[in-house]
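I would like the entire structure built from these sequences, with the hints used as guidance.
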Amino acid sequence: MKEAFGRLDSSSLRIAIVVSRFNEMVTTRLLHGALDVLKRTGCRDEAIDVVHVPGSFEIPLAARVLAQKNEYQALVCLGAVIKGETDHDRHLGSTVTDAIGRIGLEFGIPIGYGLVTVDTAEQALDRAGLKQGNKGADAALAAIEMVTLLKGL
Amino acid sequence: MKEAFGRLDSSSLRIAIVVSRFNEMVTTRLLHGALDVLKRTGCRDEAIDVVHVPGSFEIPLAARVLAQKNEYQALVCLGAVIKGETDHDRHLGSTVTDAIGRIGLEFGIPIGYGLVTVDTAEQALDRAGLKQGNKGADAALAAIEMVTLLKGL
Amino acid sequence: MKEAFGRLDSSSLRIAIVVSRFNEMVTTRLLHGALDVLKRTGCRDEAIDVVHVPGSFEIPLAARVLAQKNEYQALVCLGAVIKGETDHDRHLGSTVTDAIGRIGLEFGIPIGYGLVTVDTAEQALDRAGLKQGNKGADAALAAIEMVTLLKGL
Amino acid sequence: MKEAFGRLDSSSLRIAIVVSRFNEMVTTRLLHGALDVLKRTGCRDEAIDVVHVPGSFEIPLAARVLAQKNEYQALVCLGAVIKGETDHDRHLGSTVTDAIGRIGLEFGIPIGYGLVTVDTAEQALDRAGLKQGNKGADAALAAIEMVTLLKGL
Amino acid sequence: MKEAFGRLDSSSLRIAIVVSRFNEMVTTRLLHGALDVLKRTGCRDEAIDVVHVPGSFEIPLAARVLAQKNEYQALVCLGAVIKGETDHDRHLGSTVTDAIGRIGLEFGIPIGYGLVTVDTAEQALDRAGLKQGNKGADAALAAIEMVTLLKGL
Numbered sequence: 001m002k003e004a005f006g007r008l009d010s011s012s013l014r015i016a017i018v019v020s021r022f023n024e025m026v027t028t029r030l031l032h033g034a035l036d037v038l039k040r041t042g043c044r045d046e047a048i049d050v051v052h053v054p055g056s057f058e059i060p061l062a063a064r065v066l067a068q069k070n071e072y073q074a075l076v077c078l079g080a081v082i083k084g085e086t087d088h089d090r091h092l093g094s095t096v097t098d099a100i101g102r103i104g105l106e107f108g109i110p111i112g113y114g115l116v117t118v119d120t121a122e123q124a125l126d127r128a129g130l131k132q133g134n135k136g137a138d139a140a141l142a143a144i145e146m147v148t149l150l151k152g153l
Numbered sequence: 154m155k156e157a158f159g160r161l162d163s164s165s166l167r168i169a170i171v172v173s174r175f176n177e178m179v180t181t182r183l184l185h186g187a188l189d190v191l192k193r194t195g196c197r198d199e200a201i202d203v204v205h206v207p208g209s210f211e212i213p214l215a216a217r218v219l220a221q222k223n224e225y226q227a228l229v230c231l232g233a234v235i236k237g238e239t240d241h242d243r244h245l246g247s248t249v250t251d252a253i254g255r256i257g258l259e260f261g262i263p264i265g266y267g268l269v270t271v272d273t274a275e276q277a278l279d280r281a282g283l284k285q286g287n288k289g290a291d292a293a294l295a296a297i298e299m300v301t302l303l304k305g306l
Numbered sequence: 307m308k309e310a311f312g313r314l315d316s317s318s319l320r321i322a323i324v325v326s327r328f329n330e331m332v333t334t335r336l337l338h339g340a341l342d343v344l345k346r347t348g349c350r351d352e353a354i355d356v357v358h359v360p361g362s363f364e365i366p367l368a369a370r371v372l373a374q375k376n377e378y379q380a381l382v383c384l385g386a387v388i389k390g391e392t393d394h395d396r397h398l399g400s401t402v403t404d405a406i407g408r409i410g411l412e413f414g415i416p417i418g419y420g421l422v423t424v425d426t427a428e429q430a431l432d433r434a435g436l437k438q439g440n441k442g443a444d445a446a447l448a449a450i451e452m453v454t455l456l457k458g459l
Numbered sequence: 460m461k462e463a464f465g466r467l468d469s470s471s472l473r474i475a476i477v478v479s480r481f482n483e484m485v486t487t488r489l490l491h492g493a494l495d496v497l498k499r500t501g502c503r504d505e506a507i508d509v510v511h512v513p514g515s516f517e518i519p520l521a522a523r524v525l526a527q528k529n530e531y532q533a534l535v536c537l538g539a540v541i542k543g544e545t546d547h548d549r550h551l552g553s554t555v556t557d558a559i560g561r562i563g564l565e566f567g568i569p570i571g572y573g574l575v576t577v578d579t580a581e582q583a584l585d586r587a588g589l590k591q592g593n594k595g596a597d598a599a600l601a602a603i604e605m606v607t608l609l610k611g612l
Numbered sequence: 613m614k615e616a617f618g619r620l621d622s623s624s625l626r627i628a629i630v631v632s633r634f635n636e637m638v639t640t641r642l643l644h645g646a647l648d649v650l651k652r653t654g655c656r657d658e659a660i661d662v663v664h665v666p667g668s669f670e671i672p673l674a675a676r677v678l679a680q681k682n683e684y685q686a687l688v689c690l691g692a693v694i695k696g697e698t699d700h701d702r703h704l705g706s707t708v709t710d711a712i713g714r715i716g717l718e719f720g721i722p723i724g725y726g727l728v729t730v731d732t733a734e735q736a737l738d739r740a741g742l743k744q745g746n747k748g749a750d751a752a753l754a755a756i757e758m759v760t761l762l763k764g765l
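Chains as they are written, first to last, in the numbering used here: chain A, 1 to 153; chain B, 154 to 306; chain C, 307 to 459; chain D, 460 to 612; chain E, 613 to 765.
The hints are simulated quantities; they were obtained by calculation from the structure and are not laboratory data.
A virtual CB, placed ideally from N, CA and C, is assigned to each residue, including glycine.
Watch out, some of these pointers could steer you wrong.
[What the hints assert, rightly or not] Looking from chain D toward chain E, a few residues come up when the C-beta cut is under 7 Å (computed):
(1) T500
(2) D504
(3) D508
(4) P513
(5) G514
(6) R523
(7) V524
(8) H547
(9) H550
(10) T554
Encoded structure:
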């Protein structure tokens, strides 16, 4: 039996982060979490591109354009969908999650999925570093690990 | 680290707005919000095309035909799905949101997503300029910002 | 600013209606509503084809075969999904709605969406001409309007 | 106005049934219902192939392989998803329903949809011949009717 | 009437398992269940590759890369999505389930679906060998059975 693992080393990677500005208090923390991970895994500062989009709906299009450039070994997508009074967030969260997944499969590129979809702003902050870890950091770690894993298959 | 931002300048853009007539009291306000943003960001009046469709279900087909023409730098889609007593709106909102997202990815064109999917007419009006901003204006801003952002990548 | 509208004139159109027999009491009324609209907008009787399918699940396949024939300027799809005790209707309604939307985009043909997805038979009848208008008539109107609208773009 | 109907005659058809073993007490009854319909509509015994798959998730792959063989005029898919305590069944039911629908559209082949998605085993049995008809029989009838209908279009 | 069944013999198969580390207490048991099935159905130890991914979102990309290698007769995907306080798990579970299904159809390869999507950690453990069987073992069994079944069609 052969077991394959990825490694948490981004020292030779070029990585783009797409982050949405909507619910900025949350997404800024997600971005800090992701950048922190990149630095601690060895990513050179000049190897990181951060692309700011207005909201979660815009994340997939930016991600797809970046994937097509074929210059990055991994992408990280960060956003926050906070459920208000309506179903709106459900459609948005579902469509964006699905689209990010399909872009990764289409281009064969690891995309760290850091979309926080929650019911309250408090839950969003909890997931952005206050209590329950930082989904931005998790997403960056996942993307980095997948790059070396896939290379080794 | 390089950071990319879009700019809110539509002075050199040609933009088409698809707006549905169903729940017209809401969608008219969304349209006004979008047009107001276009003007305030410098879009010339003759560079704006407004396409009126009957309901939300018809938005994606019109958007796709417009995207295929390759004459517009961005589209804006405006509609209102108000949940009545049934699940009907859920299917509609989900299908339309998904389709708009996929058209944007297929043609690589920014599409401002201004579909208000709510439980009550009051919530719809709140999101069309009464209390909680104007989703039509938001959608237009997002589309404009994405055009310059994507050009710069 | 240029504004584009469709017209409610079906006098020169060839139109196919796909209607499901399941919950026939409802779908017959939807069909009458659609046919009534076609006649009142000038459609010649011999320009209308009505295709009867067993249930809602069969609507997309018939619609796709009709779209492929390239003989119709528009389609109208009529069916009724009434929620019983289970989630079955949710999957059905979602899959059929999505499929109809995608067929319209794939062939660039307007498809009037007249699928009534409701919780009770009473709600279905309400939407089939008793109280809340007739979704079959609405679907036919939307399809007709879209034909002239798209031609003018 | 021309009206198109299908006929319930399977005497010249070759038909494959995909049936899952999971919740076998239900799916066996669905299979009996489907076979009963095939025989009563004239299908020759040697023209029927029954393919047993482990669970509902495996239905689409078997159906697609059968559709690709281009030897059958119609398929019938039978399975039972019973909601336990979790959301698991929702994802499963949604993915399988969608996949069956897409395979039918991709190959232009009628696929009788006999997936029972319910909350309790009792509801499943009700829909497998106890009280509320037999969804397996319904699925077979729908598939047969669609074959002649589509040929006539 | 011809009936086709698969066999539970993996002695001549090469099989890859994709397993996520998130909720490791659950996924480790799923992996043990799957490996146990592979051994008891005759799979040689050196014919099994185990690929560890960070979370459920990463499963489809690894599965697709493995399917593309065309070296395995079947894949098994194992993960655990435990619903916390938010809708996040619903989007994740839905997107991942759908993607696994589509990859199987795209490459015509059986993929054992062992994604546990539950409300509580307790339910997850129940489905990972404590009370309600082991979904990892079920997934492996389903994949093995499908390989011989499809070959015989």
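Quick check: which numbered hints come out false for this structure? The structure breaks only hint 1.
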